[in-house]
Each structure stands twice: as C-alpha cells, then as structure tokens.
Amino acid sequence: MIKSVLVINTQGKPRLTKFYDILTVEKQQELLRSVFGVLCSRADNVSNFVEAESIFGPDSRLVYKHYATLYFVIVFDSSENELAMLDLIQVFVETLDKCFRNVSELDIVFNYSKLHNILDGIIFGGQVMETSSAEIIRAVEEISKLEAASNSISLVPKTVSGWRSR
Amino acid sequence: MASPSLMDTLFQRGLDDIIKGVRHQQSSTECIFISRVIEEIRREIKSTDLQTKSTALQKLTYLNSIHFIDMSWASFHAIECISSPTFSHKKIGYLAISQSFSESTPVILLISNQLRKDLKSGNEFEVSLALDCLSRIGTVDLCRDLASEVFILMSSSKVFIRKKAIGVVLKLFEKYPDAVRVCFKKLVESLEGSDSPIVSAVVGVFCELSAKDPRSYLPLAPEFYRILVDSKNNWVLIKVLKIFVKLAPLEPRLAKRLVEPICDHMRKTGAKSLVFECIRTVVTSFTEYESAMKLAAAKIREFLMEDDPNLKYLGLHAISIMAPKHLWAVLENKDVVIQSLSDEDPNIKLESLRLVMAMASESNLMETCRVLVNYALKSDPDFCNEILGSILSTCCQNVYEVIIDFDWYVSLLGEMSRIPNCKKGEEIENQLIDIGMRVKDVRPELVRIARDLLIDPALLGNPFLHRLLSAAAWVCGEYVEFSRNPVELMEALLQPRTSLLPSSIRTVYMQSAFKILIFCIHSYFLQKEDMTSEVSDLSSKRECSESSDLATGKALVQSDQDEGFNPRESNQSYEYPSVVDTGDGQSSTPTFMEKKSLMHESIVNLLNLMELVLSPLSGSLDVEIQERACNVLGFMELVQQEFSNPLIRKEANLDREEVIVSRVVEWVHDGFTEELGPVSVTAQDRVPIPDELVLKENLTDLEAICGGVELPAPGSFSLTSPYYGESAVFSVSNLQAEEDSEPSTESTSLLTEHRKRHELYYLPSEKNKIPANDYPPANDPSSSINTNDATEDLVKLADQSLVSKRKPNHAKPRPVVVKLEEGEAAPVVSKKPELKDDLLSGAIHDILLGNEVKAASSQGNPSDKSSSKRKGKAKHVDLLDSKENLAVGEQPNHENPSSRRSKHRGDGKQKSKKSKGKKNGDGREDDGEKESQKIRDHHGRHKSRQRADAPINVVPQTPDIPDYLL
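Quick mapping for you: the protein sequence lines, in order, are chains S and P.
Heads up: the first sequence begins at 1 in my numbering, then just goes up one per residue.
Heads up: the second sequence begins at 1 in my numbering, then just goes up one per residue.
If you are wondering where the hints come from, they were derived from the structure by calculation, not from laboratory data.
These figures come from a predicted structure and were not determined experimentally.
Heads up, none of these hints are tricks.
Here are some chain P residues the structure puts well away from chain S; computed CB gaps all over 10 Å:
no.: 1; residue: S75
no.: 2; residue: W328
no.: 3; residue: R448
Here are the simulated distance ranges between beta carbons:
no.: 4; chain 1: S; residue 1: Y67; chain 2: P; residue 2: L621; range: 57 to 63 Å
no.: 5; chain 1: S; residue 1: R101; chain 2: P; residue 2: Q26; range: 29 to 35 Å
no.: 6; chain 1: S; residue 1: L106; chain 2: P; residue 2: N430; range: 51 to 57 Å
no.: 7; chain 1: S; residue 1: L106; chain 2: P; residue 2: S342; range: 37 to 43 Å
Sample of chain S residues facing chain P (criterion: CB under 8 Å; computed from the structure):
no.: 8; residue: V46
no.: 9; residue: S47
no.: 10; residue: A139
The beta-carbon is built from N, C-alpha and C at its ideal position, and this holds for glycine as well.
Throw the hints in and build the complete structure from the sequences for me.
Here it is, written out as structure tokens:
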C-alpha cells in the first residue's frame with residue numbers, strides 16, 4: 001500500500017501532496033518538513049532509499065528521485081517493492097513529460113488539477129492501478145475534454161484569467 | 001480589505017490567479033496574501049452559483065494541499081459541489097472531499113446518496129470519481145450502504161471501472177467485513193486470466209488482505225501459483241511473490257512447489273525489481289532449499305558488484321536477512337561488506353555495519369571492535385553513535401556471551417565513553433553496573449576504569465555522559481576495596497565541577513563518597529587494632545606518600561574554602577595533577593589495602609574535605625541532596641569526636657568513645673558491603689501466593705477475614721516462609737553438586753570478603769530451571785578462561801559456590817525475564833486488532849471453506865459485537881435497509897449463472913440484517929441505554945435467524961475452490 005506521494009522542490013516548497021491515510025493538515029505539514037529535512041541533506045550520488053520509520057511510523061519505507069529542481073517522493077509499506085516504486089516515480093515523471101512536453105517545475109505549479117488527474121490515474125486509494133503512461137494519458141485527456149465541455153456551457157467565463165484569455 | 005472593490009465582486013479570481021499571486025509575494029507577505037484570499041474564498045463559497053462556489057472550493061483545496069490551510073469548515077460546500085450535474089464541479093468537489101474528510105466529519109453521512117447516484121452514472125469518469133472518493137474516506141456506514149453498488153461495478157464491462165471497483169473492495173472489507181459474503185466470489189473469479197489490468201488489481205487487493213491475515217487465503221494458493229507461472233507482468237509477479245511470502249510459513253508443502261518457478265524467474269527476468277523480490281522471497285521463506293539459496297546468493301553478489309547504490313544497498317539488505325541462518329553468505333561477501341563501511345551512502349554504511357557485527361564471534365570480537373572504534377572516531381556523529389550502539393548491543397547479547405576477556409571489554413567501554421561524539425552514556429552505564437554485579441573478577445579493572453572516568457573533569461561537561469558518570473561513581477563506591485587510592489576517588493567525587501551534574505546523579509556521587517569514607521575509617525580501625533599489638537614502623541616511602549596526601553588535602557581545603565560559596569564556578573586551581581601523581585606513584589602496589597596504611601591525619605583530611613563540600617549542600621533545594629548531605633554530616637559529627645583531637649582527650653574516655661565509633665563504623669560498613677546483585681524481574685512472581693491471601697478483595701474486609709489474628713502475619717508469612725524454605729533446599733543441592741565435582745580449598749585473596757555476604761538479597765529461583773543455565777554465562781568464561789592460572793579459577797569457583805550459596809541464581813533469570821515480558825505484553829497488544837480480523841477472516845473462511853461450524857460462530861461474532869455497540873439510530877437504519885434491499889433485488893440481473901441467484905439473494909438479505917447490527921460500529925457509544933436495550937432484544941431474533949441461514953448460504957460454494965493443498 002502506498003501511503004503518500006509528495007513532490008517537493010529543492011527549496012522545500014510542496015508542489016504536490018497526496019496522503020492516502022487521513023491526516024490533519026498540521027500532521028501533513030510536519031511530515032513534509034521532516035521528509036524535506038532528510039532529503040536536502042543527502043548527496044546526489046547516494047541510494048534513493050531513506051529510513052522512514054522515524055517519520056511515518058513502523059512499516060514504512062521511502063524512495064525518492066531528484067529531477068532538476070524537484071524531489072519526487074513515494075512513501076509505502078512492506079507490500080510494495082522498493083525498486084518497483086522507483087519505477088513508478090519514473091512512470092509518473094514520464095507521463096508528466098508527455099502531457100506537458102518537457103515538463104518543468106512551472107508546469108507542475110500551474111497545472112494543479114491536471115497533476116491530480118495524472119496521479120489518480122496511476123494510484124488509486126494507495127494501490128498501483130495503471131503503469132502504462134499511454135493509458136494514463138488517454139484517461140487524463142478524456143477527463144480534460146469532459147471538463148472543457150462542461151465549462152463551455154457557461155458561455156461567459158467569470159474568472160479574471162478566463163476573461164483575459166478570450 | 002475593508003470593503004470589497006468592484007473588481008472583486010464582478011470578477012472572481014481563479015486558481016491560476018491565486019497561484020500567480022502567491023508567487024509574486026515575498027515570503028514575508030505571503031501569509032497576509034493567503035489570509036486575504038481565504039477571506040475572499042469564504043465569501044465566494046457561499047454563493048448560490050455553483051460555478052463561483054466550485055472555483056472558490058478549488059482554490060481552497062489548492063491552499064489546503066500546498067499551504068496547509070485548514071478546510072474542514074468547507075465540508076458542506078464540497079458536498080454541494082459533488083451534487084452539481086456539471087462534471088468539472090463534481091470533480092472539484094470530490095477532490096476536496098477526499099482531501100479533507102475524515103470519519104469524524106459530521107456531514108459525511110450526507111454524501112452517501114450522491115455517491116450511490118454517481119456509482120450508477122453512465123459516465124465512467126463520474127463513477128471513477130465516486131470510487132476514488134470511497135476508497136479514500138470510506139467509513140463503516142458508507143461501505144455498508146454502497147457495498148452492493150460496488151459489487152455491481154465489479155462486473156462492469158469497462159476495464160477502467162472494473163479495476164477501480166476491485167480496488168475499493170479492500171476498503172469495503174476493512175470497514176465492513178460482511179461485504180465479503182457479497183463480493184468475495186466475484187473477486188476470486190477476477191483472478192482468471194493472467195495479464196489483464198484486472199488481475200493486477202485483484203492480486204494487489206489480495207496482497208494487502210493476506211498481509212493482515214494470510215491463513216484465510218491459503219485455499220487460493222493454486223490460483224496464485226498459476227499466475228506465478230503464467231504471468232509476464234512484473235508488477236503482478238512481485239505482488240504474487242509478496243502473497244506467497246505470507247502463505248509459505250503456513251503450509252510447508254507450498255515451498256517445494258514454489259522454489260522452482262521462483263528460481264526460474266530469478267534466472268530469466270531482466271527486471272531488477274523482480275529479481276530482488278525473488279531473492280527476498282527465497283531468503284525469508286525458503287532458507288532450507290540449498291540450491292535456491294545459492295542462486296539467491298549469486299544474484300546478491302551481482303547486485304553488490306553493481307555501481308548503482310540502490311542495488312548495492314538492497315543486496316546488503318538481503319544478506320542481512322540471510323545472516324542469522326546462513327552466515328556463509330556474509331563471509332563470502334566479506335570484502336564488499338568491509339569496503340561498504342566507508343561508502344558515502346549512509347544506508348549502505350548502516351547495512352554493512354550490521355553485517356560486520358553479525359560476523360563478530362568470540363575469536364574476532366576484539367579485533368572487530370578495535371577497528372570499529374577507530375573508525376567511529378573518524379565518522380560523522382550519527383554514524384559514530386550507530387557504531388557504538390551496535391558494538392554495545394552485540395557485546396551484551398545473551399549476557400555477554402561473546403566476551404571472553406572482560407578486562408578488555410571494560411576498558412573498551414571506558415575508551416568508548418571518551419569518544420567526543422558519544423551519546424550512548426545510558427547504555428554504557430547499564431553495562432558497567434551490570435558487569436560489575438555479574439563478573440567478580442573484573443571488578444579491580446572496573447574500578448580503575450571508573451576512577452579514570454571520574455577524575456576526568458572534561459567528561460562532566462558532556463550531558464550525554466552524565467549517566468555514565470553515575471555508574472562510575474557507583475562502581476567506585478561499591479567496590480572501593482579494589483581501589484589503589486580511595487582518597488583520590490573521594491576527591492574526584494567531591495570536585496567542585498560535580499555541580500554540573502543533575503541532582504539525581506549528584507546524590508549517587510554523595511552516596512559513593514560516603515561509602516568510601518566508611519571504608520577508609522573502617523580500614524583505619526582494622527589497622528589500628530593491628531598496630532596496637534606491634535610497634536608501627538613506617539617506611540620512608542610511606543611517610544612520603546602520606547605527606548603528599550596531606551599536602552593535597554590541605555591544598556584542597558584551601559581551594560574549597562575559596563570556592564565554597566560558589567561551587568558553580570569551575571576551579572582552575574584545583575590540584576588534580578598532584579592527586580594523579582600520587583596515584584601513579586603507587587601504581588606498583590596491587591591494592592590499597594596491602595600497601596598503604598591510612599594515617600590518622602589523612603582520615604581527618606578526608607573528614608574536613610567532606611564537611612567543606614557537604615555542609616553547603618545541607619541547605620540544598622533538592623530534597624534528595626539535602627537529605628543525603630544531612631545524613632553524612634550527622635554521621636561525620638559522630639566520628640569527628642573520635643578524630644578531632646585525640647591528644648587532649650583522656651585515655652579512658654577515648655577508649656570508650658572509640659569503641660562506640662568503631663562499632664558504628666563496623667555496622668555501617670557491614671551494611672554497605674552487603675552485595676547487590678542482579679535480581680530477576682520475575683523474582684516477585686516466584687513468591688507463591690498463599691491460599692489465604694486475596695489480593696483483589698477490598699481491604700476493609702480484611703479484619704473480618706483475619707479475625708483475631710494480628711495483621712502483619714499474612715505479610716511475613718507470604719514473603720519469608722517460602723523463601724527460607726526454598727533457599728535451604730537450593731543451597732544444599734548446590735553445595736552437594738559442587739562438592740562432588742570440585743575440591744574445596746581455602747579461600748583465595750580479597751574476593752573472600754566479598755563473597756561472605758550473599759544473604760537476603762535474592763529470592764530463590766524456580767527449581768525446574770534448565771541445568772545448562774545453572775551458571776551465569778557472564779561469570780563462567782571470565783573465571784575459566786580469563787586469567788592465566790586455571791587451577792586458581794577452579795578454586796575460586798568452588799570457593800564461590802561454598803561461600804555464596806545463592807550465587808547460581810544471580811544471572812540465570814535473565815533469559816526467563818525476556819520471555820516472561822514478551823508473554824505478558826503480547827496478548828495485550830494483539831487483542832484489539834484481532835477482533836476486526838476475526839470478522840473478516842471468519843467471513844472469508846465461510847466463503848472459501850464452507851465450514852459450517854465456523855460460519856455459525858463467525859456470524860455470531862459480528863452480531864454480538866455490534867449489538868453491544870447499538871445506538872439509537874434505528875429509524876435511519878430501517879430507511880437505509882429498505883433501499884439496500886431494493887439494490888439487492890437488482891443484483892441477480894448482473895450475474896451470469898442463474899443457479900447462484902437464490903444464494904445471492906440470501907446473502908443480500910443477510911447483509912441487510914447485518915447492516916443493522918453493524919450500523920453503529922462507528923463508535924458512538926455514549927447514547928441512551930434504554931434504546932440500545934430495545935435494539936438488542938430486537939437483534940437477538942435476527943441472530944437466531946442468521947444462524948439458521950448460514951449453512952444454506954455457504955455449503956454450495958465449497959466445490960468452487962479447488963483444494964489441492966488440504
């Protein structure tokens with residue numbers, strides 16, 4: 001079972017937080033801080049595993065990958081394979097890359113909703129549901145279409161940005 | 001934002017505007033900006049326009065997940081959004097709900113209907129949203145209410161929906177075990193095929209389920225085996241292996257069949273993740289299959305040779321799983337392991353440290369520890385302490401099993417405490433005291449080490465070492481007779497810098513100083529007795545050392561007078577070197593007793609020193625310090641009369657006084673020399689409770705029970721009587737045994753004195769002890785191998801057993817202690833989760849095995865449990881039930897084999913009955929008693945009907961599961 005997926009930039013700012021257990025915001029913030037505290041102290045050429053039991057309690061492991069300015073982190077328990085989770089991060093990043101064409105931190109900052117669509121396509125309630133990025137993208141695009149269709153019903157966009165983009 | 005501007009009311013800011021806005025803020029103004037946005041959101045979210053509302057909610061959800069802003073207040077708005085017909089609103093609402101709802105969210109019950117509606121929607125993405133939400137926040141109520149909808153979706157034609165429905169089953173089973181009756185069969189059917197995404201999802205679910213209760217899924221082993229052989233999907237294979245790791249210990253025959261396909265995968269696959277999972281499976285579950293282990297070891301070797309630190313780490317990790325049973329795997333890779341100790345990756349370093357310690361044995365321990373301690377000196381503080389910790393824990397395993405040379409080990413402990421980063425003071429403290437009590441022969445060395453620690457003023461500044469110093473102080477006080485120079489010890493214990501210590505440790509220092517004082521005075525009296533018979537003839541050297549002592553004493557007195565009122569200031573003029581010199585000067589003498597005689601003056605000096613240091617402390621604010629200071633001062637007053645000025649006193653008076661003082665000193669000394677030894681934690685339990693003693697009764701009844709008998713009787717009876725009885729038996733048997741095997745000779749050296757005093761401290765241990773444990777392991781090696789003279793050791797052994805009859809009991813209880821503690825703690829811990837698991841596993845047993853007895857009992861269980869939790873929500877329950885029955889009525893349409901129709905209908909009915917029982921499992925237990933009583937009666941009828949139903953439901957299912965294992 002996957003407990004949490006986090007994307008944190010190298011400044012320690014969260015870019016995506018997903019906790020599959022129910023936690024209070026204070027707890028989430030605390031966990032995020034301790035994870036970042038551990039990650040930023042690690043050199044680049046070391047292994048991608050971090051002892052997580054002191055942060056997330058017994059039977060928890062953490063793998064992360066460092067891409068440019070972002071850390072991608074998955075926290076999970078003993079029913080997942082460590083290397084498979086590293087692959088999963090790879091799948092996630094690849095999918096992002098395909099969706100945004102050369103994904104950068106800015107894409108992740110500004111596409112909050114789409115980011116969740118992608119992640120929910122991969123992980124469902126803490127279980128890995130889909131590992132093929134083509135399948136994930138197909139679903140994400142359908143969802144985007146659906147959203148666009150439902151939004152176009154309201155002809156006049158009410159938000160400032162929507163107004164400007166016209 | 002006093003009043004909203006025109007811009008704000010006309011145009012709402014979207015999520016992108018907020019993100020940009022936050023980005024433009026400095027970190028100092030960010031908070032203000034966000035709180036303004038929140039204000040805005042609070043206003044917008046009340047809007048009746050769902051577009052405005054959902055945009056506001058989306059902004060809030062974003063702030064919640066990225067800036068950790070509380071959004072629990074918006075829960076009702078989220079529900080409004082999911083009820084919108086527009087997909088984008090729904091989506092925003094569902095995201096908000098799965099992010100912010102918990103079991104305690106009051107409005108959570110309101111989403112039940114909307115979820116049901118969306119689960120039935122024709123739009124697969126709406127269904128997916130609802131399923132996702134249920135899998136995140138599913139409560140007992142939600143899961144019960146929606147179980148039948150999820151069941152229908154499990155047969156959906158769309159793979160996208162079906163796999164998610166299967167994923168939700170996990171939550172369903174966890175929260176509402178009775179769902180098993182409905183969904184389990186479908187779940188097992190979904191295992192067919194081997195590579196579809198559906199199988200992947202089902203295997204994932206079974207992996208989670210079997211982690212909690214593997215036994216229930218044993219009958220499915222053939223299915224999993226088929227997947228293991230057929231599947232080409234690494235994700236599926238990994239999960240199947242995870243399941244088999246859980247199942248293998250339960251069914252020994254499984255291993256034989258599994259080893260081959262697993263090895264096959266290991267050889268053929270190119271995926272490292274699968275290889276590692278195979279290795280892990282083999283080394284944890286199939287350790288007795290030599291060829292598989294060899295193959296795994298070879299694969300591990302490949303991992304270790306890789307440059308990738310991840311593989312290297314996992315390789316080392318796999319070896320450490322093997323290490324306890326297959327040490328050869330570690331030894332084969334010794335080179336890599338040692339090399340990895342200096343790896344830059346902390347994970348790899350830690351793993352290799354563990355492996356190095358696993359390789360440690362009696363023969364190489366000293367070398368290993370020497371290397372590691374040297375390495376610790378060079379490492380960063382964290383790893384340094386890891387090294388120290390693992391040395392300490394390895395060495396003390398099984399009561400210091402691996403240690404042969406205790407003198408070496410004690411000096412190693414001393415060395416370790418001087419490592420600047422050492423934070424293991426507490427652990428070292430325990431071991432110093434433990435070894436002191438268990439291993440007699442090491443005491444002189446121990447005292448020497450403790451002295452070195454005590455006189456080192458630098459250690460006092462490190463708070464992590466305070467505990468260690470308290471052990472050193474205790475050792476010095478307790479075993480002062482082995483000290484070469486008690487005066488020096490006394491000075492160390494009373495040095496001004498001790499004010500840096502916490503009061504609890506300071507009291508240990510004071511008590512130890514008191515012990516030393518008693519020892520000095522006592523030996524002075526002994527000496528005096530000798531001297532009265534012969535003319536004293538002091539050698540020039542002795543005079544010399546005495547005078548130097550005297551000088552030091554005076555210097556101390558002076559410096560203390562200066563510092564007396566401000567002990568916190570560290571005293572630079574404190575004359576340590578001179579003291580140390582005196583000690584070194586006498587280093588050739590074996591013990592203090594033999595060489596150095598205590599002069600009258602030095603006792604007086606000691607007394608003066610103590611008085612100087614302790615008198616200010618008699619006004620200390622700390623009760624314990626004050627108490628001890630007063631005690632010691634009181635005693636000194638008594639003694640001082642003797643020593644104050646003997647020349648002036650009259651002869652007769654002096655004699656009488658001296659007799660009194662010397663007797664007092666004698667008593668106190670006897671009190672202190674009473675040896676403390678390790679006492680089993682379970683010692684108290686071994687005292688048989690007399691039949692008459694009723695511990696749990698109210699004490700007011702005591703008088704009635706005892707009648708005329710005086711009260712102390714039961715107490716003294718329970719403690720002393722059985723104790724004496726048993727000890728007598730014990731000592732006799734031990735005595736005989738020892739006399740048979742070993743010659744009894746006259747006692748050796750100084751230890752005799754120590755051994756006289758093994759009286760009243762130990763409760764006799766049980767007689768049915770394993771004979772192999774009869775001698776304390778810690779004592780054994782040290783006395784038989786440690787010293788050069790083997791015969792002398794034999795003599796000591798014999799002597800020990802003669803003089804200290806109770807000795808065999810001392811260390812023995814240790815292993816028993818561990819067991820007992822575990823035995824007591826385990827049931828308490830495991831009690832809670834069992835209940836829930838029982839429900840689930842019971843239900844699964846019913847389905848899989850069709851065991852009638854179990855079916856009846858497990859059905860009895862949940863209803864019993866829930867009936868005790870019944871609350872007054874009966875109306876609501878009925879409402880939901882009727883709906884549920886409707887839903888159940890639809891079920892058969894989605895099922896292919898018509899023969900099962902009746903059965904499922906039965907299930908449905910049963911479920912609805914159950915649901916009443918389970919209704920209140922959400923833990924609101926403080927409702928009215930009357931109501932719950934009513935429902936319990938009502939429920940009783942259900943229960944009886946359920947029992948009648950059970951066999952009919954369950955029996956026909958039995959043949960569906962091939963059962964080749966049983």
